[in-house]
Amino acid sequence: MATMVQAIRMALHVGEERLGVTDIFGEDVGPPLGGVFTATQGLKTTWNSPLDERGIVGMAIGLALAGRCPVAEIQFCDYAFNTIDLLKIAGNTYWSSGGDWNVPMVLMTPVGAGIRGSIYHSHSFDAQATRTPGWKIVMPSTPLDAYGLLLSAIKDPNPVMFLKPKALLRQKGPKGEVIPGEPGDDKALSKLIDAPLGDRTKWKPEWPKLEEYFVPIGKAKIARPGRHVTVLTYGRNVPMSVAAADELAGEGIDAEIIDLRSLHPYDWDAIVQSVKKTNRVLCVNEDTEITNFGEHLIRRLVEELFYELHAPPRLLAGKHLPGIGLADNLEHASVPQKESIKAALRELARHEP
Amino acid sequence: MATMVQAIRMALHVGEERLGVTDIFGEDVGPPLGGVFTATQGLKTTWNSPLDERGIVGMAIGLALAGRCPVAEIQFCDYAFNTIDLLKIAGNTYWSSGGDWNVPMVLMTPVGAGIRGSIYHSHSFDAQATRTPGWKIVMPSTPLDAYGLLLSAIKDPNPVMFLKPKALLRQKGPKGEVIPGEPGDDKALSKLIDAPLGDRTKWKPEWPKLEEYFVPIGKAKIARPGRHVTVLTYGRNVPMSVAAADELAGEGIDAEIIDLRSLHPYDWDAIVQSVKKTNRVLCVNEDTEITNFGEHLIRRLVEELFYELHAPPRLLAGKHLPGIGLADNLEHASVPQKESIKAALRELARHEP
Amino acid sequence: MLLRIHELMLEARVLEERLITMYKQGDGYFWIGGPGEEAFNIPLGLLVDKGQGVDHDYLHLHYRSSGTLLAMGADRIDSLRQMKNTATDPYSRGRNFAGHASIRKWNVAPISSPIEVQFSIAIGTAMAQRNAKGITIVQGGDAGTAEGDFATALVWASRKGAELPLLMIVTNNKFGISTPYDGQHGEVRISDRGKAFGMKTATIDGNDPEEAWAQLKAAMDYVRTERKPFLMEAMVSRLYGHSSASGANFVTNETDPLTRFEKKLEERGLLTRAKADEMRAKYTARLLEASKKVREEPQPAPESIYDYVFADENYVAETKNGEK
Amino acid sequence: MLLRIHELMLEARVLEERLITMYKQGDGYFWIGGPGEEAFNIPLGLLVDKGQGVDHDYLHLHYRSSGTLLAMGADRIDSLRQMKNTATDPYSRGRNFAGHASIRKWNVAPISSPIEVQFSIAIGTAMAQRNAKGITIVQGGDAGTAEGDFATALVWASRKGAELPLLMIVTNNKFGISTPYDGQHGEVRISDRGKAFGMKTATIDGNDPEEAWAQLKAAMDYVRTERKPFLMEAMVSRLYGHSSASGANFVTNETDPLTRFEKKLEERGLLTRAKADEMRAKYTARLLEASKKVREEPQPAPESIYDYVFADENYVAETKNGEK
Ligand SMILES: Cc1ncc(C[n+]2csc(CCOP(=O)(O)OP(=O)(O)O)c2C)c(N)n1
Ligand SMILES: Cc1ncc(C[n+]2csc(CCOP(=O)(O)OP(=O)(O)O)c2C)c(N)n1
Ligand SMILES: [Mg+2]
Ligand SMILES: [Mg+2]
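Chains as they are written, first to last, in this note's numbering: chain G, 1 to 353; chain F, 354 to 706; chain H, 707 to 1030; chain D, 1031 to 1354.
Derived from the structure by calculation, the hints contain no laboratory data. Do not rely on the hints blindly, as some may be mistaken.
FRET-style restraints, in silico, Cβ to Cβ [unchecked claim]:
id: 1; chain 1: F; residue 1: PHE567; chain 2: D; residue 2: GLY1081; range: 49 to 57 Å
id: 2; chain 1: G; residue 1: LEU19; chain 2: D; residue 2: LYS1135; range: 52 to 60 Å
id: 3; chain 1: D; residue 1: LYS1135; chain 2: F; residue 2: PHE659; range: 44 to 52 Å
id: 4; chain 1: D; residue 1: ALA1192; chain 2: H; residue 2: ALA838; range: 54 to 62 Å
id: 5; chain 1: H; residue 1: ALA838; chain 2: D; residue 2: GLU1284; range: 38 to 46 Å
id: 6; chain 1: H; residue 1: LYS999; chain 2: G; residue 2: GLU304; range: 23 to 31 Å
id: 7; chain 1: H; residue 1: GLN1005; chain 2: F; residue 2: PRO618; range: 39 to 47 Å
id: 8; chain 1: D; residue 1: GLY1277; chain 2: G; residue 2: PHE306; range: 52 to 60 Å
id: 9; chain 1: G; residue 1: LYS175; chain 2: H; residue 2: GLN1005; range: 41 to 49 Å
id: 10; chain 1: H; residue 1: LEU976; chain 2: G; residue 2: LEU19; range: 34 to 42 Å
id: 11; chain 1: G; residue 1: GLU303; chain 2: F; residue 2: TRP621; range: 50 to 58 Å
A virtual CB, placed ideally from N, CA and C, is assigned to each residue, including glycine.
For reference, chain G alone in the conformation it holds in the complex:
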């Protein structure tokens, strides 16, 4: 089974070969490195950009206007905050021009904590992204979803942001989740598509025969079915919440984990269905907790399902602090961990209306 970063690479390969992707670029995206997380190794249309995030986003918009199909990368979302105005332009061009110009581009960027990234390699981007109208926002939690969401993003005629959960990039998916066409044996896959260490000038990847597979933008997935509490989450916090739920099963608490996968547009029907069943809801994400996307979900839930809620809905998110510190203690205290998710689930499940 492929890791998420291998899945992304394979999706980009299919994008180049069959979906018209013309430019995969960003800082250190091209040879020799192929991306700081190796997401763009061995591809045909990759190139290295100057160290200028504004130029990267502007270039992507311009390429899209000119009918190309660009996939741009911001090396870490921590470094996208000088481009918010340009992201707003990518999102408002179709609307502002009264439907004259659309901007079919994909922007991918690694997000989140979990790798001791300290102050500038731990940021989340979901709150910022979801308040940028005109963009579609996706964030996978498994390699297969990464593959399927990225292909959908590439085909979409609008700007789509593909948020890569840093901590999961080297992880594999749940048992049995295979990318259509990937070789069964991991070592074999690695031999085919992972660049060797050292000199790569002569290396060429051999791509497996991959099939197209699209995860529709706007559709959530039940990562773990359950009856007592609904967890609305995405990215890194999905496997974390599933693990927390599995451990709580022993205590008679059966939590349902909804992996949103698309943050905008999001799957309101799936959310309502689950909450109507469990009547209790916990939102989990790593972004800072003031003016947070989970708060939007909670606001809408209380507006529309107030009387279905048997316990106050809760948000478990990053602390409202200027950064995430390097030391273990600091990182753990700053963003949700399995234990804090369990604690919140216990509280919600045991709450007496």
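Fit chains F, H and D with the ligands to the known structure of chain G by using the hints.
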């Protein structure tokens, strides 16, 4: 009585003369114009910056680090979105350096709709600002509060954002609210401190003997006391909500309007007190409605006061769209208006638990 | 040719004057435009390779470019429609300010208010044209060159081995709203900023349509054939102040390229005062008619704010343009 | 003096090697630093007018500046503390990566990870120094000059009549992580970008401490006396790759300024191999001791994340520095 823009000018004057303000700068802030809204006319330490928002914010940070007391302006908050990374740095420097360097700067910028500003002169900034840790955020709704909040902002050893509600800049405050020291007669005040049209090279303002007056950061104000519904709002939507409430009084609906004044830190005690009394709450602001600061307030209210709420709390905010259109119909349909506030208040007040 | 240029300069001026009058009569909330830049913008519009796609020229203009679009043949009434923010405004459906055109079928990217961002976006269309026939033209003001985006265009356009067919134009009117050029610049000539990047550069008199034509022609030929960037600075006038926010009244202390050119043409016996006045009267009448028509056109409906948020998956640019 | 420079270069190198070893032994999560820049950074640190306030020099450095701080007299063990993210780390309390110092009592602004932002911030301390004795020094890498912030510093520092006492330094190691200089630049010399702004500029061999000393001295004297900006580009080496992310192994295909300088000193009879080895052994042992000590020091407590969010109104910079 002074208008809000005159109050801001007088506060900056007191800042220069008595609170150590050294640099009031930004695009067209200095002579001859004195700011696109005349907020910086006739002051001593104003100067015109290059047309470079990143430079303006960076300059302010650097001046603050060097012990100066800068008040920087971004001409319209619509043009601050290429500086978010720098705003984050201003907010994280004290924390990142473990308390070594603080950044005592004031950033002021006009926000909001209401003047047919079209796509790029109608943005709100409260959602973006409240998710920038390390900053204090204030937003007045009357000239006196503008005066008192700006003086507090200037004295604060941290970065403080002073959001100027564009639509209120030329408005006066509620009857009887006078700035300590302003002449009773408006014409007299205008004669003293408003620059003449045409050639101003020889003009000098005559400043009234103003007293210092500080509105503490973090303290809300009851703009209109009421018993049935609580409205949590700020800036332009305060007078709008008060007017709506006054009109509803005839229908037997008595709404309490809380003017937050400080968005961060905000006055949680005042909010709780009011909501415990009315048991119904409406948040009103103009920023886009997904990942919106009002959603934070609602999230915290349901977490802490779930069983005190006799109706689902509601948010009335800007539509989640790429921009605010120019035509009357478009602007009105995009952000809260007195009528939509009244409709929401009726619904809340009449809601049967 | 000279007479054609003059006629377009005159018509462009009358168009801006009509927009200003509309503003002053309450038929619009805000005016900003290009009176004083006609001698440069008209030749620019005439020299553009007009069409859709990478084999034609892409234009990333700003809010003073009405003359360029007029010279390209844009329907005059559409400027009035945007001024009056009618539902019929083809550029923005009543959403954007006057002077913010968008014409996809001619590669005219949407003009947006934020200063200088067009320089960061233009590198993208230019990149797409490296192996095509067309070039990309991007234009902005003098004060705006202080934004990082101007440097972004310089850096990305000049990378060795990856040079871009990009014509960068700075129309220098020596003002940013109220702020004079002097005191804000260390450069003697803004165009000098291109030299460190090995770019061809020029600073020209943008108030002389003959010089503008010749210099633009040369620069565009260079970019078109060499597929390399060129930075041009054109000195121009600002004849009605920055915008309606500063009153939009005629200023007398700047060169008027139109009267200057008319004098020249008269001296050469190519034009008479009477002919010029007659032309002016004709265009004034025509645009007055147009403004009356626009006044009768519908305003956008409230619900229309939800239109054009996302293109649907069957969206095809061509069809979209076909419609217009 | 030469021997003093050599000793500091050697110690700086040993310090970086210790940090790399700590990383490889699991005593830290990430390493980034300046081995290969000693010949430039040591003279820089020695030439700084060290102190607090506008009459001394402000420093806006980046993550390769350990040598500069070491030459200024920073306590070596503090670098190890930050590497090990201990509660005793005086630069960031265990919050930031190695190489991210902050020393207010010496005007050293907090080093932060985002590339080039220090150039937009440095103009502010320089502005505050226009009528003071000190100057502002800002330093960054070659790839980072593509960011708009580098242009911002050029624009704001050179405004006629408002020039800033700012020394802009680009340490050019011909790499941005994995991306080679060639292919990303149209400039022959990055320092040429200052010329259009009327700035004094120089490109120097940053691997030669004698040239670096002389050129830095001249540039700093110019900025100090003329109160005008200077742009210096220094060619340097990157001896252990970009960071621990790329392995942090010694590369053999770049000039090692330390060995080159030692050879020179030996030839001149000012240094013997034995003496050099003995010094290296001494510093190695000292830093090994220090690293053991650091290993015993406490990690920050979870609740400490809430410290230093806001300065309270009685906050006084002086006292704060007194404490340290
Ligand atoms: C990023 C940004 N900042 C500020 C403004 C407000 N503004 C509009 S026009 C203008 C002056 C532009 O001067 P210049 O670039 O010389 O162009 P000109 O209007 O003189 O042609 C300013 C500051 C803006 N539109 N965008
Ligand atoms: C704004 C920003 N973008 C990207 C990065 C990731 N990054 C860290 S170092 C680096 C390369 C910097 O190269 P250069 O400016 O030449 O400095 P050097 O490391 O070579 O000294 C990059 C891209 C960053 N830290 N900040
Ligand atoms: Mg100008
Ligand atoms: Mg480098």
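Check each numbered hint against the structure and report the violated ones by number, ascending.
-> Per hint list: 1, 4, 6, 9, 10, 11 violated.
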